[in-house]
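Chains as they are written, first to last, in my numbering: chain R, 145 to 456; chain D, 145 to 456; chain Z, 145 to 456; chain H, 145 to 456.
Incorrect hints may appear among the rest.
No copy labels: a pair is met if it fits in one copy or bridges any two.
[Stated by the list, open to error] Derived pair list, reagent style BS3-like, types lysine-lysine, alpha-carbon separation capped at 30 Å: (1) 215 to 442; (2) 422 to 442; (3) 215 to 396; (4) 214 to 396; (5) 215 to 422; (6) 422 to 396; (7) 396 to 442; (8) 442 to 214.
Keep in mind the hints are simulated off the structure, nothing from the lab.
4 protein chains.
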Amino acid sequence: MALTPEQQREIEAERNEQRMTRRVVSAGIEEILFRALPVLDHGFVRVIDYMGDDGAIVQSARVSYGRGTKKVREDQGLINYLMRHRHSTPFEMCEIKYHVKLPIFVARQWIRHRTANVNEYSARYSILDNEFYLPAREQLAAQSESNRQGRGDVLSDHDAARVLTLLREDAEQSYRHYQELLNVGEDGAELDGDREGLARELARMNLSLNFYTQWYWKIDLHNLLHFLSLRADPHAQYEIRAYADVMLETVKAWVPLAFNAFQEFRLGAVTLSAGALKVVQRMLAGEAVDQGSSGMSKREWTELMAALGRAE
Amino acid sequence: MALTPEQQREIEAERNEQRMTRRVVSAGIEEILFRALPVLDHGFVRVIDYMGDDGAIVQSARVSYGRGTKKVREDQGLINYLMRHRHSTPFEMCEIKYHVKLPIFVARQWIRHRTANVNEYSARYSILDNEFYLPAREQLAAQSESNRQGRGDVLSDHDAARVLTLLREDAEQSYRHYQELLNVGEDGAELDGDREGLARELARMNLSLNFYTQWYWKIDLHNLLHFLSLRADPHAQYEIRAYADVMLETVKAWVPLAFNAFQEFRLGAVTLSAGALKVVQRMLAGEAVDQGSSGMSKREWTELMAALGRAE
Amino acid sequence: MALTPEQQREIEAERNEQRMTRRVVSAGIEEILFRALPVLDHGFVRVIDYMGDDGAIVQSARVSYGRGTKKVREDQGLINYLMRHRHSTPFEMCEIKYHVKLPIFVARQWIRHRTANVNEYSARYSILDNEFYLPAREQLAAQSESNRQGRGDVLSDHDAARVLTLLREDAEQSYRHYQELLNVGEDGAELDGDREGLARELARMNLSLNFYTQWYWKIDLHNLLHFLSLRADPHAQYEIRAYADVMLETVKAWVPLAFNAFQEFRLGAVTLSAGALKVVQRMLAGEAVDQGSSGMSKREWTELMAALGRAE
Amino acid sequence: MALTPEQQREIEAERNEQRMTRRVVSAGIEEILFRALPVLDHGFVRVIDYMGDDGAIVQSARVSYGRGTKKVREDQGLINYLMRHRHSTPFEMCEIKYHVKLPIFVARQWIRHRTANVNEYSARYSILDNEFYLPAREQLAAQSESNRQGRGDVLSDHDAARVLTLLREDAEQSYRHYQELLNVGEDGAELDGDREGLARELARMNLSLNFYTQWYWKIDLHNLLHFLSLRADPHAQYEIRAYADVMLETVKAWVPLAFNAFQEFRLGAVTLSAGALKVVQRMLAGEAVDQGSSGMSKREWTELMAALGRAE
């Protein structure tokens with residue numbers, strides 16, 4: 145990620161300005177406010193605003209006139225209770241706004257989460273920067289054989305080199321041609337005074353899906369946690385997971401009690417199907433159960449054994 | 145509205161505590177933060193948190209790294225442009241949270257707006273207060289003859305007195321019986337040591353729709369303005385309009401530039417149907433048009449003439 | 145539930161009319177289409193339209209040009225996979241529309257589910273029927289001592305009789321006064337020619353929360369299953385659970401494969417928190433664990449033991 | 145658009161199969177069900193399912209037990225009333241499902257409409273077809289000088305030829321390299337037995353934004369009309385407008401009365417701001433108003449004169 149000096153100055157200027165407010169303040173998130181937290185090769189996540197803190201969850205659950213908080217221990221207990229019993233509305237009372245820079249193919253997965261507000265940089269209106277994503281060497285993996293939508297073994301050095309060359313050269317050429325279509329150079333000046341540039345809304349179609357875009361993305365805590373539970377999951381594509389992992393840290397800084405509850409009752413939790421529950425009950429009763437006698441499919445059995453931490 | 149002394153102390157305690165923040169601050173809304181703004185006989189609206197200000201709309205439209213604002217004149221121009229061309233996403237970048245006390249029948253209309261977060265005081269969990277809505281004398285109107293869902297003339301003194309007596313006596317009795325069902329007195333003590341109280345989730349069904357409930361309600365500015373354009377409208381029932389009118393004032397204090405644009409392009413605007421547009425064009429061309437020659441229904445014609453400020 | 149003869153005729157007329165369509169048809173749901181399935185004392189659930197069937201889920205997951213289905217066994221396997229891995233979008237491809245008659249206090253819980261379309265009978269526009277909910281004798285329970293928002297023991301005969309008398313008499317009186325306020329009798333005729341009736345939008349506030357309302361409610365299958373998982377749950381209030389139970393039957397008739405998957409991976413499933421998972425792992429390893437050594441709270445421990453089917 | 149013979153057979157097979165149903169049927173939409181209606185060079189829109197018809201809007205507004213329809217004239221009147229007074233819920237009672245093939249940059253605009261269900265062809269799971277969008281000759285326009293996000297004059301033949309060459313060659317190369325990255329040929333066979341293909345979820349990033357994707361998209365009528373009012377608008381980018389125009393035809397076939405109302409009160413309507421309304425009032429009173437004396441900005445004045453059909 146390379147912020148321009150001007151962007152860095154703008155960010156520092158925002159960080160240095162402090163104001164008085166009557167609103168609740170979360171000290172942890174104030175600490176990182178506006179900072180560009182790097183993700184992938186050119187991306188970032190910046191928290192640019194927030195509303196509420198752990199106390200706001202508690203206050204809302206108690207529909208109180210004042211702050212509504214009690215001792216930390218009691219607040220944690222109440223938040224655990226709410227998380228455990230899937231009370232979603234108190235968590236909706238906190239809101240956060242991010243500025244995110246991300247490859248277009250990641251943005252396409254991300255936008256599927258509809259319960260959020262988004263304002264994207266418009267390539268109809270402006271010219272996209274010459275920044276595209278190239279996977280790190282260790283991320284270049286073959287198609288998985290067992291999972292139709294995942295990655296398998298890391299590519300050999302020879303194959304990886306070829307992949308990176310193709311991706312880089314195509315992206316570079318596609319951006320050069322994007323500029324030629326627009327008839328605009330790096331410095332914003334016309335390339336050729338004798339012709340007109342193609343409309344921006346058309347020229348952009350020549351860019352590939354690894355180019356970076358950026359947006360403001362605003363969401364309440366309940367829906368953010370749902371997003372993170374899906375996107376910080378090992379089944380999610382690595383590139384969006386990289387964003388989810390950084391955002392988990394921002395949640396921890398912002399609402400540490402809610403983060404604890406989220407770890408205990410979501411991220412670290414396991415759901416047993418009706419069939420899996422019966423298997424566990426039989427095993428606890430001392431019965432030796434194997435896949436054949438479990439009534440479960442091979443895949444479900446493997447997943448259950450992994451969840452229970454048992455070598456098969 | 146009668147806040148208890150304890151509630152007033154809680155509110156004052158919140159108002160007196162100021163903290164430092166790096167976030168943007170709206171001076172106008174800080175001024176009224178936490179205050180209970182009275183509505184109807186026992187209701188109120190309290191702003192209890194907010195995110196963003198006019199600058200946040202502008203910043204988001206420009207997807208900037210810093211504050212993104214320019215001169216007020218230019219910011220107003222940009223906000224007007226966004227409002228006029230129905231760009232909704234920049235307005236979604238601001239968020240506000242209210243604490244509202246309102247009659248249940250108003251809550252039932254209000255909740256129809258789905259794009260909001262709400263946490264209501266639970267009558268499964270707690271006991272509702274002995275507060276119910278009685279319309280002011282001048283609000284007691286007969287069924288409208290022309291509008292199947294509106295009010296007509298104000299009732300005579302005699303009829304109004306009878307209405308108020310019925311409403312008051314039934315509400316008082318229904319609350320007395322609610323307490324008897326619960327087996328709980330005003331002071332929270334058991335009424336009769338020899339019997340068990342009915343579960344709260346059942347006893348509440350005896351209360352009538354004019355009893356007050358309360359909730360935390362959180363919404364983004366775009367959806368709030370949509371809500372207000374429908375509920376501050378003369379076609380809305382008076383009781384919910386009373387809330388919308390107070391909330392309009394909070395919007396004006398919070399985001400004055402957006403409020404100006406909202407007045408100019410929504411509240412004060414008029415939509416002409418294809419047929420109405422043709423009529424206006426003919427009139428501007430000097431033609432004398434009346435309802436018969438307008439091709440419009442009587443009702444549409446009347447509405448058009450009213451909108452154009454022309455006596456019929 | 146007492147449908148009027150006219151309503152019954154209308155329903156039968158609809159059921160008797162069959163038409164040709166190119167759309168997919170679910171034989172099971174056609175069987176019950178339009179029928180009023182009774183719930184509580186005067187309520188009902190009627191399926192009045194639907195879109196899609198099990199095949200539509202499969203077709204959408206495969207983004208096919210044709211029906212996209214294979215053998216039932218394979219379709220069930222795919223649907224199980226989708227349910228297990230929380231792929232929600234294929235289930236959103238089916239839609240169902242209900243006509244529901246329900247007490248207002250149930251409607252107030254129900255409407256909290258925002259991802260649905262609803263059109264409610266308007267008491268601003270029309271006069272509500274004289275129908276109110278009275279709990280069945282065995283549903284009259286005391287406030288739970290252990291659960292702040294639940295029911296405990298069933299009331300004694302003596303206490304129950306008093307409760308029913310209060311509820312019935314108050315509801316009857318409130319409806320009589322509703323009519324007096326409106327100045328309208330059972331037959332729709334004016335009661336007193338010398339005075340004007342109060343506007344319907346005001347008079348309704350005198351009715352209590354156990355009066356019945358009705359609405360059309362339309363939702364996609366994914367969100368319906370989410371609704372049912374919360375409302376068919378033992379923690380839900382009995383009265384809304386009664387509706388959820390009947391609706392589960394309609395889902396079974398409509399999309400039997402999705403219903404199977406829902407039972408296996410949601411209704412019959414159990415989620416173990418990170419702490420509970422560790423306890424199960426220790427028990428499977430042969431360790432004797434009790435609440436003291438589990439690191440869990442008493443309540444969580446009791447719930448875990450119940451889920452595992454172990455007497456404590 | 146080139147459907148494969150197999151796809152055409154699947155579509156014809158679906159069209160030829162008719163079934164009996166008790167549901168309401170819209171004859172107009174049955175006529176075009178499943179047909180691929182061509183859009184742009186390789187795209188299409190196919191209606192693949194629907195729920196409800198004009199009568200369902202009327203039935204819902206009347207919350208009736210039967211069909212609820214009256215004479216067409218009365219139904220049209222009621223639907224006009226609902227549209228005019230922005231009653232959205234009755235229109236939400238109809239639902240439609242499309243299968244759409246569209247360029248990725250169009251999909252990125254389209255997905256911004258959040259109140260819809262979507263299931264997209266997964267390029268993590270499957271390999272995208274070798275089909276990309278090339279604008280028709282007359283669509284190749286220069287950047288607009290007056291509108292920062294629009295098109296201006298059509299390009300000269302010479303410039304247009306260069307644009308098309310660049311777009312075509314880059315797309316062809318990017319697809320060739322996509323196949324090389326995947327190590328898969330046109331026929332699905334491995335290209336090089338000595339190396340492993342890159343995971344599909346990574347290889348796709350080399351494709352440009354004019355490649356076609358496809359999805360199932362399901363939405364209720366109210367939200368569809370909102371989508372169409374924005375996307376069939378002259379301010380929308382031509383490429384998405386081409387889809388909106390075809391979809392307008394499907395709405396007309398499906399719910400002709402609602403379509404009439406939509407044309408009269410939305411598509412053909414004009415909204416006058418508070419300021420514009422004052423100008424019209426002054427003009428109707430016989431005053432000669434020009435931009436200078438109007439109090440409006442130049443741009444708003446021009447738009448108002450255009451709306452009123454007056455040469456400036």
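Going through the hints against the structure:
| no. | hint | result |
| --- | --- | --- |
| 1 | 215 to 442 | between (48 Å within a copy, 20 Å between copies) |
| 2 | 422 to 442 | both (16 Å within a copy, 24 Å between copies) |
| 3 | 215 to 396 | within (19 Å within a copy, 37 Å between copies) |
| 4 | 214 to 396 | within (20 Å within a copy, 34 Å between copies) |
| 5 | 215 to 422 | between (40 Å within a copy, 28 Å between copies) |
| 6 | 422 to 396 | between (36 Å within a copy, 23 Å between copies) |
| 7 | 396 to 442 | between (37 Å within a copy, 27 Å between copies) |
| 8 | 442 to 214 | between (49 Å within a copy, 21 Å between copies) |
Consistency with the previously given hints is maintained throughout, with no hint failing.
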